[in-house]
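With these hints in hand, go ahead and build the complete structure from the sequences.
So the protein lines, in turn, are chains A and B.
Mapping the first sequence onto my numbering, position 78 (from 1) lands on 78, and the numbers just tick up by one.
Mapping the second sequence onto my numbering, position 11 (from 1) lands on 1011, and the numbers just tick up by one.
Since the hints were derived computationally from the structure, they do not count as laboratory data.
Every value quoted in this text rests on a predicted model; they were computed, and no experiment measured them.
Below, a list of computed lysine-lysine pairs in the DSSO-like style, where the Cα atoms sit at most 27 angstroms apart:
| no. | chain 1 | residue 1 | chain 2 | residue 2 |
| --- | --- | --- | --- | --- |
| 1 | A | K77 | A | K56 |
| 2 | B | K1042 | A | K77 |
| 3 | B | K1042 | A | K52 |
| 4 | A | K60 | A | K77 |
Each chain, letter by letter, is given below.
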Amino acid sequence: GDSVTQMEGPVTLSEEAFLTINCTYTATGYPSLFWYVQYPGEGLQLLLKATKADDKGSNKGFEATYRKETTSFHLEKGSVQVSDSAVYFCALRIDGNEKLTFGTGTRLTIIP
Amino acid sequence: EPEVTQTPSHQVTQMGQEVILRCVPISNHLYFYWYRQILGQKVEFLVSFYNNEISEKSEIFDDQFSVERPDGSNFTLKIRSTKLEDSAMYFCASSTRQSSFFGQGTRLTVV
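This is the structure we're talking about:
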């Protein structure tokens, strides 16, 4: 079946550090890929997405590139801020099926 | 900006009681979903709803669960007889064919 494997957390970084959160997937069909973010006490917010191979999604300084050859969609940010502290979820959706399949989430804490 | 709204934000109920979780999806969306997140675990799909009927449901969504769109705007999840293991954060989502948008969630605590 379809699945998403995410880097285990928690991850703690200093402000302005470089961030990578790894995400790989297994899919029976052709997936669209997403990163969602959950700030403390809030719901899930769409951070970025990519719908086909080699697409790069970007938002708020975060980027992720859809790599079909390595079935990956790693999240990166060049310089993190304290306000980026949150739980990050990688997810996929297969074309023709509307539900999302999520990874386990990675808790990120940025210290000043 | 349009958003998905859920009520209540937190509900505490006794085991065996019925609960109804409410959601108002984004108005021009056609697909509606419920997901749940048990504390510390991944977000799990429960059910999707399209054209006034269930389009897909997971193994979790057994006979104790039901969904309804009673008035064309609200979208509800009913749990008939709650169990302790139903304690979780329940998220409603609605979507276009491109992206899903989530509500803030309802934290359900069964005691």
